[in-house]
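Residue numbers (this note's numbering), protein chains in the order written: chain A, 33 to 135; chain B, 3 to 199.
Just so you know, the hints here were simulated from the structure itself, not pulled from any lab data.
Among the hints, a few may not be true.
Taking lysine to any residue and the SDA-like style, the derived pairs with C-alpha atoms no more than 25 Å apart in a straight line are [what the hints assert, rightly or not]:
{"no.": "1", "chain 1": "B", "residue 1": "180", "chain 2": "A", "residue 2": "80"}
{"no.": "2", "chain 1": "B", "residue 1": "180", "chain 2": "A", "residue 2": "60"}
{"no.": "3", "chain 1": "B", "residue 1": "180", "chain 2": "A", "residue 2": "114"}
Have a look at the derived ranges for each label pair, beta carbon to beta carbon [said to hold, decoys possible]:
{"no.": "4", "chain 1": "B", "residue 1": "95", "chain 2": "A", "residue 2": "131", "range": "34 to 44 Å"}
{"no.": "5", "chain 1": "B", "residue 1": "67", "chain 2": "A", "residue 2": "119", "range": "58 to 68 Å"}
{"no.": "6", "chain 1": "B", "residue 1": "84", "chain 2": "A", "residue 2": "132", "range": "51 to 61 Å"}
{"no.": "7", "chain 1": "A", "residue 1": "83", "chain 2": "B", "residue 2": "163", "range": "44 to 54 Å"}
{"no.": "8", "chain 1": "B", "residue 1": "73", "chain 2": "A", "residue 2": "88", "range": "22 to 32 Å"}
{"no.": "9", "chain 1": "A", "residue 1": "85", "chain 2": "B", "residue 2": "69", "range": "55 to 65 Å"}
{"no.": "10", "chain 1": "B", "residue 1": "67", "chain 2": "A", "residue 2": "83", "range": "53 to 63 Å"}
Bear in mind the structure is a predicted one, so any value in this text is a computation, not a measurement.
All C-beta atoms, glycine included, are put in the ideal place defined by N, C-alpha and C.
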Amino acid sequence: MRLVIAMMLLMATAAPSGAQRFVRDWNQLSPEEQQRAWDNYRRYQQMPQQRRDTIENRFQRFQSMPPQEQQRLRQNYDMYRNQNPAQRQQFNEQYRRWRSGRH
Amino acid sequence: MALAGELSGRRSRRLERHMEGCAGCRREWEAYSALDRVLGSLPLEAALPPRLEQVTLRNARLAAAEATKSRRRWLDVAVPALAATAVVVVAARLSLQDTEPVPAPAPAAPARPVTAPSATARVPGRVAERAPAPAPSAAPASPQRRRVVREVPSEPPPELAARPDLFINLPLLRNLDKVQHYEAIQTIAVDGAQSSG
């Protein structure tokens, strides 16, 4: 019984949800991060509600991912962002085909 | 030629002799002679109404003026329209540059030194240039971009203060599908060729 309780406590402390693990406070952000968050917040405010709901859902999904997966997505995003225009165009075409094949 | 008197005497006499014995040619001759008389009675220059020249010239001037006016009218419309289009394009371009979500910095690149908020970065409306990467080898390939730096409010809105990470990661979230399946997407063939990437 003690072993079971100890294991449950260990699991509860060792595997908290991602959302709890990576929530940061505004004051913990660097000035550059605050600036970026503020700029993107203003753009978010201009989005239609449906788009904002989608972003909200994606954020929840992202926050619930393991740190390694989040890191992978960040690295992929950096590769995506650093594509030159020709690479971006080709990737978007590939994405369009991949998406049409998936649905 | 005979009616105009242009036949020589010998040929004219032969013609007369022929017509004395040929009723058909005689009728033909008389018909042509009557026509020639009628035509000969007409004046060589027709008498024109005195106002006709004035009216014609005035109409010609009006037509020319109308053509010029329509060309000017087209220019009056086209030039402002082109100017307005140029203004809209420039404004849209600036707006797009301004509204593009600010991407998160690449983790592979060395972190830029986080300095205290400088006066330049805090002045609203000032155009600030991103600091260059410290090492060329580690710098991302993206070109330096200029963006308008806005003042961050001292007290952020509750929604922003509660979840700043959502807004920091907004560009990534907008492309979540692409970055989540980045490797699989790159294997999709385009134009019949398998992508190497």
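Going through the hints against the structure:
1. 180/B / 80/A: 21 Å, holds
2. 180/B / 60/A: 29 Å, violated
3. 180/B / 114/A: With Cα atoms ~14 Å apart, residue 180/B and residue 114/A stay inside 25 Å; holds.
4. 95/B / 131/A: 34 to 44 Å: At roughly 29 Å between Cβ atoms, residue 131/A and residue 95/B fall outside 34 to 44 Å, so the hint is violated.
5. 67/B / 119/A: 58 to 68 Å: 59 Å, holds
6. 84/B / 132/A: 51 to 61 Å: Since the Cβ atoms of residue 84/B and residue 132/A sit about 39 Å apart, the hinted range of 51 to 61 Å is violated.
7. 83/A / 163/B: 44 to 54 Å: Violated, at about 22 Å.
8. 73/B / 88/A: 22 to 32 Å: 58 Å, violated
9. 85/A / 69/B: 55 to 65 Å: 60 Å, holds
10. 67/B / 83/A: 53 to 63 Å: 57 Å, holds
Figure legend: structure checked against the earlier numbered hints; hints not met, in rising order: 2, 4, 6, 7, 8.
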